[in-house]
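Which chain is which? The protein sequence lines are R and U, in order.
Counting with this note's numbering, you get residues 1 to 301 for the letters of the first sequence.
Counting with this note's numbering, you get residues 1 to 436 for the letters of the second sequence.
Any given hint could turn out to be false.
[Claimed, not checked] Cross-link-like lysine-lysine pairs, in silico, DSS-like; alpha carbons within 25 Å at most:
(1) R/Lys-89 / U/Lys-9
(2) R/Lys-223 / R/Lys-293
(3) R/Lys-86 / U/Lys-9
Treat the hints as calculated values from the structure; they're not laboratory data.
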Amino acid sequence: MAILELKQVNKYYDKYHALRDVSLSIEPQSIFGLLGPNGAGKTTMIRIITGITAADQGDVIFNDKPFQEHHVEEIGYMPEERGLYKKMKVWEQLVYLAQLKGLSAKDAKDRVYAWMEKMDIKDWWNKKIEELSKGMSQKIQFISTVVHEPRLIILDEPFSGLDPVNSVLIQNEIEELRLKGATILFSTHRMEQVEEICEQIALINKGKIILNGRVKDIKQQFKQNLYSVELLDPGIQFRNDYFNVVSRDANQFKIKLANGATSKDLLKTLVEQDADVLSFREVLPSLNEIFIKQVTEGTHE
Amino acid sequence: MNKTWIIIKREYITRVRKKLFLVTTILAPLGIALISVLPVLMSSVSTEKTVIGVIDDSKIDSTGLFFEKFQNDNSLEFIYLTNSYEQAKNEYASTGLNGILYIAPEFNMYEGTGVEYYSKEQLGLKSQSNIEKQMSQITRELKLAKIEITPEIIDQLSKDVRIKSIVSNEQGTQEGNTAIATMIGSIMGFVIYIVMLMYGTMVMRGVMEEKTNRIAEVMVSSVKPFQLMLGKIVGIGMVGLTQFIIWIIIVVSIQMGVGLFYGEQMAQLQTMQPGVGMEQPQNITALAKAFGDIAQLPWVYIVSSFLFFFLGGYLLYAALFAAVGSATGEEGDQSLTFIVTLPVIISIMIMINTLEQPNGTLAIVSSMIPFTAPIVMCARLPFHPPLWQLILSMLSLTGGFIFTTWLAGRIYRVGILMYGKKVTLKELGKWIFYKA
Numbered sequence: 001m002a003i004l005e006l007k008q009v010n011k012y013y014d015k016y017h018a019l020r021d022v023s024l025s026i027e028p029q030s031i032f033g034l035l036g037p038n039g040a041g042k043t044t045m046i047r048i049i050t051g052i053t054a055a056d057q058g059d060v061i062f063n064d065k066p067f068q069e070h071h072v073e074e075i076g077y078m079p080e081e082r083g084l085y086k087k088m089k090v091w092e093q094l095v096y097l098a099q100l101k102g103l104s105a106k107d108a109k110d111r112v113y114a115w116m117e118k119m120d121i122k123d124w125w126n127k128k129i130e131e132l133s134k135g136m137s138q139k140i141q142f143i144s145t146v147v148h149e150p151r152l153i154i155l156d157e158p159f160s161g162l163d164p165v166n167s168v169l170i171q172n173e174i175e176e177l178r179l180k181g182a183t184i185l186f187s188t189h190r191m192e193q194v195e196e197i198c199e200q201i202a203l204i205n206k207g208k209i210i211l212n213g214r215v216k217d218i219k220q221q222f223k224q225n226l227y228s229v230e231l232l233d234p235g236i237q238f239r240n241d242y243f244n245v246v247s248r249d250a251n252q253f254k255i256k257l258a259n260g261a262t263s264k265d266l267l268k269t270l271v272e273q274d275a276d277v278l279s280f281r282e283v284l285p286s287l288n289e290i291f292i293k294q295v296t297e298g299t300h301e
Numbered sequence: 001m002n003k004t005w006i007i008i009k010r011e012y013i014t015r016v017r018k019k020l021f022l023v024t025t026i027l028a029p030l031g032i033a034l035i036s037v038l039p040v041l042m043s044s045v046s047t048e049k050t051v052i053g054v055i056d057d058s059k060i061d062s063t064g065l066f067f068e069k070f071q072n073d074n075s076l077e078f079i080y081l082t083n084s085y086e087q088a089k090n091e092y093a094s095t096g097l098n099g100i101l102y103i104a105p106e107f108n109m110y111e112g113t114g115v116e117y118y119s120k121e122q123l124g125l126k127s128q129s130n131i132e133k134q135m136s137q138i139t140r141e142l143k144l145a146k147i148e149i150t151p152e153i154i155d156q157l158s159k160d161v162r163i164k165s166i167v168s169n170e171q172g173t174q175e176g177n178t179a180i181a182t183m184i185g186s187i188m189g190f191v192i193y194i195v196m197l198m199y200g201t202m203v204m205r206g207v208m209e210e211k212t213n214r215i216a217e218v219m220v221s222s223v224k225p226f227q228l229m230l231g232k233i234v235g236i237g238m239v240g241l242t243q244f245i246i247w248i249i250i251v252v253s254i255q256m257g258v259g260l261f262y263g264e265q266m267a268q269l270q271t272m273q274p275g276v277g278m279e280q281p282q283n284i285t286a287l288a289k290a291f292g293d294i295a296q297l298p299w300v301y302i303v304s305s306f307l308f309f310f311l312g313g314y315l316l317y318a319a320l321f322a323a324v325g326s327a328t329g330e331e332g333d334q335s336l337t338f339i340v341t342l343p344v345i346i347s348i349m350i351m352i353n354t355l356e357q358p359n360g361t362l363a364i365v366s367s368m369i370p371f372t373a374p375i376v377m378c379a380r381l382p383f384h385p386p387l388w389q390l391i392l393s394m395l396s397l398t399g400g401f402i403f404t405t406w407l408a409g410r411i412y413r414v415g416i417l418m419y420g421k422k423v424t425l426k427e428l429g430k431w432i433f434y435k436a
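One chain only, chain U, in its complex shape (with noise of 0.2 Å):
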């Protein structure tokens, strides 16, 4: 046992120092953040404004129609002229405005016809559209109250019918949200799979390496073999939960900091428009409640069992990589490798059809055998599976890594001793059965 640890404490400390690993761990996510972080960041920082001169000739009512009816915002700024815009052209070069928005006389709001945009340069396309949204805004709610319709009637026209998902079982009663339980179920389920085939393979690696070294045969005449693989197996699993609590923590500080600011812009573009981005308000709630389905899923129960799926495949296939790396060496072997990956593979088709039948019979058999539960069970958690099918997927996957842990064993200390031949199938076989 203390021998296994000293393995372990090499195979982790030698990994966590490489430079690969610091890069990966530390910078990957924060470029990942940095790249989704930095559209906003740069339109917020953007100081240019188009600054726009509206002339309103189409006196539909007093004032024109568009009179002080636009919003500034900070790409944007409208000023209302009151020259004609015979004028205005000629004028416009000295004003410093960026162009002229002319509504003619015979402005049609039915047809939306009878505009103009005049400037030197062509309109961005995101101000043109921002333009015509709120002209169009502007002009829906005049023909809606020309028929008497209340943009409470429109709001409630257009109205869709949510289904409202109750789960009862053993764990209580609880609303569910079907589309954030496929997201996280899915998101789950993916981390589960690159898991397992990114630590999976990095054994793999490890044990190739000792073997074409041959310091295998130095290590085993001080431990025993299977001590050298469990002491592998465990010393990278530990350097992939090392990199996913620091991802982890910066994942989350990040959105803590992005959170802080989001929410002052979120609140900021609230009291700016008030009214007009009908749609808008309703997009915030639908965010906010979907936050707050997030943040009412069981997240110790769905934490702590993933963890529990996450450690179990990653055993089970890590044993498997690593019988495969005693059993080739140098340059490996393709379909050994395949062989291996190949469940893997099926467990992802399998949870994407899960996802539409969180409780279907596929669901539920591939969740009871060891090679497909890790990823198939961690994708169905936010469904609210029946304890019973936790529980038993559980102990299947148990028996499922100590089993090919000890199949494992077998075949690799024969393996890492084996030089020269490419093995076969047949051949494994028979090295389980060989005496110590």
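Bound-form chain R, shown alone (with noise of 0.2 Å):
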């Protein structure tokens, strides 16, 4: 079962093909990363899975049932443009972005309320959005997107323009909000962040998804038998024709295994010579790599 399902996706502005054949599914309470270079469709099918525009074909299901208008409602949004009304005092400004999502007024205040005090913010309450710091209004942004307690929260470049103790505070209550049982919709060029809050990836390139899965397992997928071996005594001959040394820095070896040859190989050698081995680990390509190769490759095509 999955919060979210892409089936067969497509989407076109005129004659430009924006989406092609876009599917994928978002397990609930995953947190889940949307990759992409600039123009890719990330903020097409966002715009699709938000309901503020329709797919020329395909299926979306939200929750195992076709979307609907009111689903809006249980889905949270923050644009990477953020916005505001800049004259509406900070509580006004919440209490009716929280009323259009479904919320009675005196549920919507009080849950604004709780956010603030939350948050530590409550000093705010009546201060003007155009009266605020940029970080300032972004806190806003987020309490706004995550007020009505929508089970999906898709949050776009959600860590630009924050400074470190703020982003962590914001990471914080994501993953808070995880376990209390939403799931996230990330959609970021920041590769270490998916990395480290990402369970599953989707990486978007020209209106296609090239990449589909667990980081884990994409990892694995394009992991290139890459070894890194730190050892006390750098003296060590390794058998050319089956490990070869990428790099060296000091003590610190990196070695690609040939075709056929296992960890363990690369291990019996080292014992067989009788080296001290410091540290013994694999090296998997950063999400980094991947999506630059995956983007670059695709551009070759």
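Both chains are sitting in their own frames, so use the hints and assemble them into the complex.
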């Protein structure tokens, strides 16, 4: 069972094919990363999921049911380009947006209060948005995204413009929301965050999904049989046809195994030569590397 | 529907709460009223009187032609002196008089010569013309009496021919007043013109703000773009309506206040000047008749039709302005705005022609075109247009604003999420046919 499923979704703008047969499935209570270069179709995809625009072909299934208008109340969306009404007071703004997500006026006010108390920003209650700093209004924007307790939270570049302290704060809030049952869809360029936070990713380029799956699996899929070995005594010989030393930094070796060779073979060689092994680990490609490789390969096609 | 209502409420409340709204709604009409009432107030408050000594040596009759004939008012007071002109001039400084009006023995009423005014200070223009007028009037009566013509005959001679216009149509037969109809018609036409442009651009600016603030994207993830647009249009429309109602209340209460004030003054004026200002009572009756004619207009019919065209015209143009705002964003687009404004300006030009020929072909045709109907048909309302034309015009306007709202909705939903490039009319056309 998935909280959200896209099946063969296509979208055209005029003659431009913005999304091509996009399919993916997001498990409940997971953190899903949507990656892709600018113009790849991320925003279009998010707009289809949030019901802002509709797919030309294909199905959007929300919580096992075809997407319907009322589902927007179960989604919280924070766009990359943040926006609030500058002249409105903080609380009015938040209550207004919460009401549009289906909360009653009283309910909305109570929850807004609770959130502002939680984030320790009660003092801003009566301030106008235009009086707030960028970081402050980002917090308000975050509250507006989650105040109606959505089942699916979509965050487009949520950490851009946030200082490290607030970044961690938001990150913790996201984790807390996930534990309470929410599913988070992340759209970002920042790979290190994806590696850190997401369990599942989809890589989209030119309107097509070119990679989709668990982060662990994807890394395995793209591993290059690369090992990093640190030795006490650097005078060790490696059999060149099996082990290729890619780089060496003092006692630190990066060794690529030839096809057919395994980590056991490498360890055996080390043991046979009586080497003092300080560390031994497999080097998995970073998502960043995979991302760049896939995208540039895609463009060469 | 519920969410549209929430949007309407926000659009309405945030605007009505603004200081600018308070200023324009309450202070502007008060200011205008003050400026128009101020001169009257000031003239009635000013207590400084010019006291004039009159020496009449004309000896046309035993006491002097002008003896006790001048009318005192709150700025001029006449005292009749018996001493000689030379004597009066010498004593002038000590008498407290402002000046001496001297009618010499050689006074010639047919030439209007032989009158002097002696004083230290120049006589004010208003006072001088007042005295001249009074003297002319007195001599005129005398001259007329000499050739045995009574004021009544003069009155009859100077009567102009007046055409009584009788309008007969489905609503019955009534007496019409072309001048009043033209005045009321043009006022209503201009009011609609101002409303459509003022509130139309307010809608446009609101949409542009949402687009440049990027709040639009957050909003449309909760509500449909059409709800957002409609909420804005209706909310601002209600702001306009509120402003109008307040204005009407202020204007009516000021008029009632001033009416009481003037009413007393007028009554005073009439009792004070019997016979002298022969033209004035006539003016007053003409004015009274005009007020009577205004009161006799079918106001329920005019006001309700006016409100219909006010709202219809606003809805029609506000939708178009919203579409333009959504397509342009921050810096706006002069040419697109111009395209929307053009029919409004053309309407005003047609209206001016319509007031000359309220039932001409141009008037009838442009009443049936939704873009010109609000202004043109409104201007025609006091001219008793045939009922079928009114109904057809209303239907066409209704169809018109439904169409522009639909059209604007199609453009709006694409426009508010489209950033960066400048749009052409051709692209706008394409947007209309995009799938949602």
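Against the structure, the hints come out as follows:
At most 25 Å may separate the alpha-carbon atoms for a hinted pair to count; R/Lys-89 and U/Lys-9 meet this at roughly 15 Å. A C-alpha spacing of about 12 Å is found between R/Lys-223 and R/Lys-293, which places the hinted pair at or below 25 Å, so the restraint holds. Between the alpha carbons of R/Lys-86 and U/Lys-9 the distance comes to roughly 17 Å, so the proposed pair stays at or under 25 Å and holds.
Violated hints: none; the structure is consistent with every hint.
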